[in-house]
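J.: Start from the sequences and build out the full structure, keeping to the hints where you can.
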Amino acid sequence: MNDPGISAAEEGSIERRDILKLVGGSALAVALAGCTELVGDDDDATTTSDNGDIPDEPIEAGLQTFREGAPAVLGLQAEYGAETAVRRINANGGVAGRQIELDIVEEGTEQLENYQQFVEEGKEVTFGPISSGGHEAMVPEIDDQGVVNVATDGTVTTLYEEDYPDTTYSFRFQNHDVMEALSAAIEAVEILGADNIETYAGVNPNYAFGEDEMAIFRAGIEQLTDAEEVYNGTPDLGAPDMSTHVTNINSEEPDVVFTSCWGGDATLLLSQGQANNMLDNTELVVGPVLYGSANDYEEGDLEGPIYSGSRNFYWDQPSTDQWSPAADLFDEVQDEYGVIPTAHFMSGYGAVTAWATAADKAVRLLGRWPEQEEIAMILEEHGFYTPAGYHVMSTDHQGYSNAHFGEIVWSDEVGGAVLEDVNVYAPEEVSPPPGMTSLDWIGSW
Amino acid sequence: MSRFLVERDGKTHFRPMKGLELTAGQVVLTLLGIVALFAVPDITSATALSFSIIHQGILFGLAAVGLNLLLRHTELVSFGHAAFFGAGAYGVAVLSSHYEVSSGFLLLLGAIAVATVLALVIGYLVAGYLDIYFALLTLAFNQVLFAFVLQSGYFNYNDGLSVRVGGDRPSLLGIDQWLVATLGTDPITAYNYTLYYLTVVILLVMLVVTWKIVNSPFGRALDAIGQDRTRAQFIGIPVDRYVWIAFTLSGIYGGIAGGLFALLQLHVRPEPVLFVFVSGEILFMAILGGIGTLVGPIIGGIVLIYLLRLARFYVEYYHALTGIVLLLVVFVLPKGMLGTLPEISAGLDRRRQDPTLLRDDVTTIGASIRERLYRAVSTVRIIIFGVK
Chain C
1 MNDPGISAAE EGSIERRDIL KLVGGSALAV ALAGCTELVG DDDDATTTSD NGDIPDEPIE
61 AGLQTFREGA PAVLGLQAEY GAETAVRRIN ANGGVAGRQI ELDIVEEGTE QLENYQQFVE
121 EGKEVTFGPI SSGGHEAMVP EIDDQGVVNV ATDGTVTTLY EEDYPDTTYS FRFQNHDVME
181 ALSAAIEAVE ILGADNIETY AGVNPNYAFG EDEMAIFRAG IEQLTDAEEV YNGTPDLGAP
241 DMSTHVTNIN SEEPDVVFTS CWGGDATLLL SQGQANNMLD NTELVVGPVL YGSANDYEEG
301 DLEGPIYSGS RNFYWDQPST DQWSPAADLF DEVQDEYGVI PTAHFMSGYG AVTAWATAAD
361 KAVRLLGRWP EQEEIAMILE EHGFYTPAGY HVMSTDHQGY SNAHFGEIVW SDEVGGAVLE
421 DVNVYAPEEV SPPPGMTSLD WIGSW
Chain V
1 MSRFLVERDG KTHFRPMKGL ELTAGQVVLT LLGIVALFAV PDITSATALS FSIIHQGILF
61 GLAAVGLNLL LRHTELVSFG HAAFFGAGAY GVAVLSSHYE VSSGFLLLLG AIAVATVLAL
121 VIGYLVAGYL DIYFALLTLA FNQVLFAFVL QSGYFNYNDG LSVRVGGDRP SLLGIDQWLV
181 ATLGTDPITA YNYTLYYLTV VILLVMLVVT WKIVNSPFGR ALDAIGQDRT RAQFIGIPVD
241 RYVWIAFTLS GIYGGIAGGL FALLQLHVRP EPVLFVFVSG EILFMAILGG IGTLVGPIIG
301 GIVLIYLLRL ARFYVEYYHA LTGIVLLLVV FVLPKGMLGT LPEISAGLDR RRQDPTLLRD
361 DVTTIGASIR ERLYRAVSTV RIIIFGVK
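Chains as they are written, first to last, in our numbering: chain C, 1 to 445; chain V, 1 to 388.
These are calculated hints, taken from the structure and not from any lab test.
Where is the CB? At the ideal position from N, CA and C, for every residue including glycine.
A portion of the hints provided could be inaccurate.
[As the list claims (entries may be wrong)] Here are the simulated distance ranges between beta carbons: (1) E332(C) <-> V144(V): 43 to 51 Å; (2) G174(V) <-> A194(C): 54 to 62 Å; (3) N250(C) <-> E75(V): 51 to 59 Å; (4) G69(C) <-> D168(V): 30 to 38 Å; (5) G69(C) <-> Y99(V): 33 to 41 Å; (6) A36(V) <-> E332(C): 48 to 56 Å; (7) F313(V) <-> G69(C): 15 to 23 Å.
[Claimed, not checked] Okay, the calculated bits of chain V under chain C, using three or more residues with CB under 8 Å as the criterion: (8) 151–165; (9) 263–271.
T.: See the structure below:
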């Protein structure tokens, strides 16, 4: 029977002493066996004081992104975006006076390990990854470690809808896949009219992202029209040849071709398509990620009815002429990096901005530097601006902002691809309400 | 003399089991190694070393120990051992995500079963081949498996599968829950440390098993096969069957390591566990640590995982770093980090006794550099001007 005079804590300490005796009699013995952490530490309690102090030291932040190989087409844009946001924040006095120091690392296939290493290094916040599979692997680890991560992309639709609907510390800045695939379907109907779309085809990369995009486009276009799928090509990532798919499309002559190919796959599909007159055999090509290769296209690749989206941003879409941080962005990015900023630039820019504005808000509310949990709480339903407009980090931890879709054309003035005749889709038009899965929502139209 | 102590060559040897006799120095080294393994959590918390990376290194090293069984004794080079590591990892992931198995013990048994079946099938198909054909066949099977998993919805494509059932970690024989309930240990710490100590126990058991295998008649037969297949056949060794058995055993090591890796990472994706480059890394680990040694592959595993996982945080051209290390091993430590240690130690001893040898070393190094430079210049001359 327990002695009523001994508190539960004291009981615990007595038990612990007994166990120490069992394992060797002293803490040293336990330490030598490498078990110190197992027996806990009474001094583990949080040491953060509530005295209102803001730490003097810089904020150590980590970004993982693709810096090499084919995915670097997207990853370097995210890196430039994150660096630009950090540069601007630091130039304006930092977050509550604290400068941000950003370490950047190649994400490769080790997204989980990179996050763990960042945490071991004592990072206060981490950003990235680009990869959706890597992001999926990270989410439960992020909740275990309790260090906020704002993913730049990793936009697989099911992640926060089905797999991890109750995450605490894991967020994603960029609009998720359903928004761009549905934008493409709605845009096709806007351009051609529902009655004029009888057939459609898909050419999508042969992995989870490509499969998801096609599934959502298929569901969307079949709800909006009576169209029938006539071809579905699934080239491998980094495929050396797209001619089979071009030939099949030429043979089927679908009204709409949907492709979520990106990077070198997008340029190859378009250049081989142009060489084999694919654009003469279809009414419209809609490619939600074609913008990602904006800096790699040649003028000849873009001849014909090719429409591209952007998750939330493409140079001058939305218009950047009313607000100096947006108006100055293109020149700043051109001077610094010599590239056209795309939606993936905004992935990096927005992820940093989401966290920094939330942390700043938390400091103003609390009068002290916030705990991770408090920043996570503030980030939910947090609204903020970037040059891509207004964004909201929803309660489901997904970022929402307007999606854009327009004709992708060559601009001599910019020296690259730009969007014209852009339609803007509000988040509620192209994504389900919180608590509902995308395919269920599309099915309910 | 007790049954654990024997006299041999005028020295007392410790004999923990039949056939295994260790000198006093070897006993000390073995004990130090075991203590170091068990103290890793505290060593890493007191230093800048990474606990998680060392744990991962040990797991890949365990797969390399298995590969080394084949490499060292049958002298067959497998370029496809990630197949078994990945099979073990996916065995765990499939059982937990599709069948909601939450017992770590059952998950590990599943990993072993899947890897064993796969190794039996692949081993049967490759056992009769030699040299480059054997290597390429193993590579091909690895690649087929990788492509199959990558393109299959059942394995969730490249997004992979979670090892958590309902968001919870698997149970590790109830030990982790006991630690939480009894000692008040943080659940994540309890899980990670329990898994680590289970890994250490499994590693030690597997090392003893390996030692027993290589010192058994079966191990000697494998040596004979490695030295000359035809002669081994002539003396009555059923070569293909023995290679098949060795290949299967070797795959089981990979399966156990992969299963534990899945339990550690709690999410399995194709690239980190099944891609053919991972096979190359496992092979490199065995060479790096020393294929002539029992525990060399473990050291190689830890070192290479450190290089692969952490070099990117410090060096921009981190891919080159692994290449440079490989070059150094080939040129300077041809028997691997652990395998070359006795030679280095004997050389140092000789130089302590006779310092004039150092002068010879300088002369030898100078001559070697001159010779290599001459060869390089000759090669460049031939490339530019042709042979005259």
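J.: State for each hint whether it applies.
T.: Okay, the hints, checked on the actual structure:
| no. | hint | result |
| --- | --- | --- |
| 1 | E332(C) <-> V144(V): 43 to 51 Å | holds, 49 Å |
| 2 | G174(V) <-> A194(C): 54 to 62 Å | holds, 60 Å |
| 3 | N250(C) <-> E75(V): 51 to 59 Å | holds, 54 Å |
| 4 | G69(C) <-> D168(V): 30 to 38 Å | holds, 36 Å |
| 5 | G69(C) <-> Y99(V): 33 to 41 Å | holds, 36 Å |
| 6 | A36(V) <-> E332(C): 48 to 56 Å | holds, 52 Å |
| 7 | F313(V) <-> G69(C): 15 to 23 Å | holds, 18 Å |
| 8 | 151–165 | holds (count 9) |
| 9 | 263–271 | holds (count 5) |
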